[in-house]
Amino acid sequence: MTSANIATSLFPTRSPLRSFFRRNFRVVLVYVILLVLLSINIRLNERFFTPPVITSTFNQSMTLVFAGMAQTSVVVSGGIDLSVGPIISLANSLASAVFVDSAVGIIGTVVLVLAVGALCGCINGIIVVYGRLQPIIVTLATASVYSGLALFLRPRPGGFVPRPYGDLLTTRISTLVQPWFSEQSLANTVVDYIPASAVLLLIVLLFVWTPFRRSRLGLWVYGVGSNQGAAYMSGVDVNRTKIAAYAMSGIFAAIAGLFLTAQTLSGDATKGGVFTLQSIAVVVLGGTSLFGGSGGVAGTIAGACVLPVIRSILFFGRIDPLQQPLWEGLVILLAVAAGSTRTFTIKNRLDILR
Amino acid sequence: MSLATDAPAIEAREVNKHFGGTVALKNASFSCQPGSIHALIGENGAGKSTLIKIFSGVVAPDSGLLLINGQASTIHSPADAARQGIVPVFQELSLMPQLTVAQNIFIMNPPRNRLGLINSKALAQKTLQFFSELRFEHIDPNALVSELPLAQRQLVEIAKALSRNPRVLILDEGTSALSIHDVQLVFQVIRRLRDEGRSVIFISHRMSEVDQIADTLTIFRDGKDVGAFPMGSVRRDEMVQLMIGRKLEQVFPPKLKELPQQTVPVLEVQHLGWEHVLHDINFTMNKGEIVGLGGLDGQGQGELLFALFGLLRGLRGEICVDGQPKQISGPAAASNAGINLALIPEDRKTEGLILPMSVGDNTTLSTIDRIARFGLIDRKREQASIQRTIDRMQIKTPSSRLPARNLSGGNQQKLVIGKWLLTEAKIYLLHDPTRGIDVGTKQEIYQLMRQLANGGAGILFFSTELSELVGMCDRVLVLYEGQIFRELKEEEITEENIVSAALGLEYTNSAERTVSLSGTTHS
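These protein sequence lines are chains A and B, in that order. Each residue of the first sequence is one higher than the last, beginning at 1 in the working numbering. Each residue of the second sequence is one higher than the last, beginning at 1001 in the working numbering.
There may be inaccurate statements among the hints.
Mimicking DSSO-like on lysine-lysine, the simulated pairs with C-alpha atoms at most 30 Å apart in a straight line are [said to hold, decoys possible]: (1) K347(A) with K1349(B); (2) K1349(B) with K1224(B); (3) K1326(B) with K347(A); (4) K347(A) with K1426(B); (5) K1396(B) with K1426(B); (6) K1396(B) with K1326(B); (7) K1326(B) with K1426(B); (8) K1026(B) with K1287(B); (9) K1026(B) with K1224(B).
Note that these hints are calculated values from the structure, not bench results.
Given the sequences, and given the hints that come with them, work out the whole structure.
Here it is in structure tokens:
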């Protein structure tokens, strides 16, 4: 009997689909919630399925998506990063200070900003690991430092951001590739519905997140988050793994900052702050446990899209803008609570606490 | 490298270690030959675990010499120990629950493709193949460790250690949660290691296992080795005497002369069922009785205790206490007056104690509302309760203010029991209370159980150790596939009968199977 045969004969009752749903219940749930909210949104605004609206919805979500990915990489390692927002601000301020209007200048700036993000993350990780300090207090302090640096670089909003850079990230794919299709217009074709930011997200997922998640390092990050004592006993270099998780967070936060820069076409040292707490909210919405060890960006991405969609619904539903935070909060509470409904089906009371 | 062939695979000479004021090892020596299964026994707190932690690089000795293959050596970390071929399996499970079985086992060296990305399919395949070599095929490589029962987790732990190709494998209570069948699987594997010239250091409080597997024996007492022998050269009572430093009078306290005849049993269970795990369970328990629960691993024994303690939802059937039907909605309700149940849980570290809290606070945790007046804790009464418990249970601790984590395993278990004694329960549910604790403490727990029973309590006693069921119980209920398969009384309570019932066999023709499965069980 080959080992494959043994596998099928021994575990016939464990259907892969069922086991997928059981393990990823919260992730599936956040996508269901997102779909429900989207369909409400489409009812209120029949122009939703047009290329400009889709593109702007994506653009409004994308900074938070990247901020959520930053938070996710630290949370799965069992930590938390309160400096995500300030690193976004710092990236935004730095970019607006050094941008030069040439291809080389733009690429150089992007690389520099990414490196600074990674460095900020590394510093967080090194202090957490070697200072033996609580992540929440370390990143609270470094958050302040990074905010200060951002303000130093950009005391007043402004600075220079090359127009083509902004267009590249926030326009539609059709606009970008139109020059190659001079004979036919791409308007109202499928390509027209694809925002450039969606392609950027795909590239980041494919070339940054996936290599991280599927590398040995990624496995170690989840292992450390799951039980760091066990990881240590297994021979995992827990310190370096944690530092790497924070560095990943810094890189994603820098990407978020670069996208924010493209979207606003200016630098502002105070724009990133709101993303710290929002990033934690979308991580939880996306089904990643704050205790670490499980979850991932699939849920986070959906979670990050939920917030702008709620705002859009409130806007088109003509809700008083002053009441928006109230409704936003209630919807988030409801969504998180829905993720806990499974506790009612648990038959062993002790399992609820586990 | 030309090494003397008779150099020990690993050796400690005159090693000292203290933690704060506590001396863990003083001038302790130990050596293990290649191609040997070397048992290390001693009471809890005798220094075995510390020695093992030194070998595996978790703690560094204060002084003394470590030799690997006859060469002086240092071991800096668990990773360093593994590089030198020393791989421990610890009593505290050291798996990562949210990772899959396969990811846990090959976390240091998962199969990767050319881009350095982990190939999940190859990883599962590799694990499957490895499991079939070990005959652990019943474990799904793709299951999350958190989804597995305790016994399978322990097997995974052992498999993980084996995957690192150890020259010296250390099993520290590595078989304590395993059923007889699984223990035999593990024994086959470690015999193979021995035959390949590797060494196994085997720590277990199950003496029958030590008898069965070890070829050499070192005994530790009070942080020092007090003797090393070839197996079989010392008698069991001499071993025990060396371990505890005194003569062991009688292993089990006397049983009831005759089963009590009462009209109203303290506990009566009728047609109890839960999910697919328990089916139509019927039994009664009288005051003063110790009723054993036997059976192979995972036949519903644990769930039965949970059901009685109110931990399970959606129960079928009826539970009567003192003849009154009761709805038990949870531990708080179970320990209340009128029901008065106490559960000594399986895992003292997570369910029995709150480890960072002090010994004192743990003691009064379940009874604090009785000590409190107007919602405020009466410190004097609290202190009195704590002192009474420490004295009664003979818990060895310098102060009741120390965190419970600092106690040794046996003392932790005594603390768990002491906590529940304060509730003055009528019914005690014991979930393998002697798992992983030393002979001396076991004795104390046996005596205490009988005292409680003689004082009028009913005790439902689930043990994975056959000799305990035989020695302690007035009746034994053997579970098989969630049902009571057989009830054994008086002379019927023998290891053979329990094992044959556990396998679901009828009385006849059971003898051969029994011997082959339980190996050389000594009673």
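Structure-based check of each hint:
Under the criterion of a C-alpha separation no larger than 30 Å, the hint pairing K347(A) with K1349(B) is consistent with the structure, at around 23 Å. Of the pairs offered as hints, the one joining K1349(B) and K1224(B) holds, with about 26 Å between alpha carbons and a cut-off of 30 Å not exceeded. The suggested pairing of K1326(B) with K347(A) holds, with an alpha-carbon distance near 19 Å, which does not exceed 30 Å. In summary, the hint linking K347(A) to K1426(B) is supported, as the alpha carbons are separated by about 26 Å, within the 30 Å threshold.
Distance hint between K1396(B) and K1426(B) is fulfilled; the C-alpha atoms sit about 27 Å from each other, no more than 30 Å. With a C-alpha separation of about 38 Å, the suggested pair K1396(B) and K1326(B) falls outside the 30 Å cut-off, and the hint is violated. A distance of roughly 14 Å separates the Cα atoms of K1326(B) and K1426(B); the hinted pair therefore holds under the 30 Å criterion. Simply put, K1026(B) and K1287(B) have alpha-carbon atoms about 47 Å apart, too far for the 30 Å limit, and the pair is violated.
A hinted pair counts as satisfied when its Cα atoms are at most 30 Å apart, and K1026(B) with K1224(B) qualifies at roughly 6 Å.
In summary, the structure is inconsistent with hints 6 and 8 from the numbered list given earlier, while agreeing with the others.
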